[in-house]
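Go by the hints and put chain X onto chain S.
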Amino acid sequence: MDSIISAASVVAAGLSIGLAAIGPGIGQGQAAAGALEGIARQPEAENQIRGTLLLSLAFMEALTIYGLVVALSLLFANPFTS
Amino acid sequence: MYPFNLMNAPLLLSGVEVGTHFYWDFAGISVHGQVFIVMWFVIVLILVASLLGTSKLERIPKGWQNFMQATLEVTKDIAKNQLGESFYRPWVPFVSTLFLFIFGCNWAGALVPWKLIELPEGELAVPTNDINTTVALSLLVSVFYFYGGLRKKGLGYFGRYIQPTPILLPINILEDFTKPLSLSFRLFGNVLADELTVTVLTILVPLFIPLPIMGLGVFASSVQALIFSTLAAAYIAEAVE
Chain S
1 MDSIISAASV VAAGLSIGLA AIGPGIGQGQ AAAGALEGIA RQPEAENQIR GTLLLSLAFM
61 EALTIYGLVV ALSLLFANPF TS
Chain X
1 MYPFNLMNAP LLLSGVEVGT HFYWDFAGIS VHGQVFIVMW FVIVLILVAS LLGTSKLERI
61 PKGWQNFMQA TLEVTKDIAK NQLGESFYRP WVPFVSTLFL FIFGCNWAGA LVPWKLIELP
121 EGELAVPTND INTTVALSLL VSVFYFYGGL RKKGLGYFGR YIQPTPILLP INILEDFTKP
181 LSLSFRLFGN VLADELTVTV LTILVPLFIP LPIMGLGVFA SSVQALIFST LAAAYIAEAV
241 E
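Residue numbers (our numbering), protein chains in the order written: chain S, 1 to 82; chain X, 1 to 241.
FYI, nobody ran anything at the bench for these hints, they're computed from the structure.
All of these numbers come straight from a predicted model, not from anything done at the bench.
A virtual CB, placed ideally from N, CA and C, is assigned to each residue, including glycine.
A few of these clues could be false.
Unchecked claim - According to the in silico footprint, chain S covers these stretches of chain X (three or more CB under 8 Å from chain S):
#1 186 to 199
#2 223 to 237
Claimed, not checked - Just a sample of chain S residues kept apart from chain X, beta carbon distances all over 10 Å, derived:
#3 P24
#4 I26
#5 A32
#6 L36
#7 G38
#8 Q42
#9 A45
#10 N47
#11 A62
Looking at chain S on its own, in the form it has when it is part of the complex:
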């Protein structure tokens, strides 16, 4: 395999997962902060808030996972290597 392609693939894989983690990280932080505020204000709604929070956290996590899928396909199923 061409060494420049493998080097570029490894760098790109690292970048794709790293960059994809930035946005969802911020979003998850904000969502968790909002949920905490809600629970502190209204402790009896905790169960409902937790369910919704988990669901929305998983949605945000999916964005990082897309980055991970790109990284994995670069590492294990790279289309540019023969």
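Only chain X this time, still in chain S's reference frame:
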């Protein structure tokens, strides 16, 4: 194929096996046998549980009947929360089946020590870490929401493509493609990410350290099953309302 010779080194206790499969040939089509074996195991498990739950129905539920009724309550709530009180009932079997199948697959992969069974090639693992499985499941969801919409509104269902304005037509059409794409990638990526994290940690430290990650994986995979079925119900609700 693999850039990392490190990961294929034979001295390691567990290897990262992405892309090696145990091929079966069915009438000229080669299929991934390891996925089918685990999938059939899960299907048999669910069938046996539901047969045990419904074989001796009693007025006061106990044992398996009690367990299956509690399970049905949970899965019914998924459909009810998305589709609304008045027309959730016809969709309960579909959403419940999706939830139970994905949940069973994910937990079967996480809890059963498949490594003890040797295959000629590839390894037995979660069926949902194969992209073909998740794509099939999400295309099934697409078919079903089209079916639901068409049955409810007839050809008027396609009127939703030009709502609220005809300018949004391309985006509305694109949405039909991104829905199964994101559904399948979400499930596939999450399950594969769990497996890879555990594998890489096991390569680095074989004992004790991967345990919390495995616990997290078991939790996360059940959440993924919940999300897949919730989203399926939400897409159907969007089509039939």
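Going through the hints against the structure:
1. 186 to 199: holds (count 7)
2. 223 to 237: This one holds; 5 residues, not fewer than the three required, reach chain S with a Cβ under 8 Å.
3. P24: 12 Å, holds
4. I26: 20 Å, holds
5. A32: 15 Å, holds
6. L36: 19 Å, holds
7. G38: Answer for G38(S): holds, closest chain X Cβ roughly 19 Å.
8. Q42: 20 Å, holds
9. A45: 16 Å, holds
10. N47: Its Cβ never comes within 10 Å of chain X, the nearest being 13 Å, so this holds.
11. A62: 4 Å, violated
In this structure, only the earlier hint numbered 11 is contradicted, and the remaining ones agree with it.
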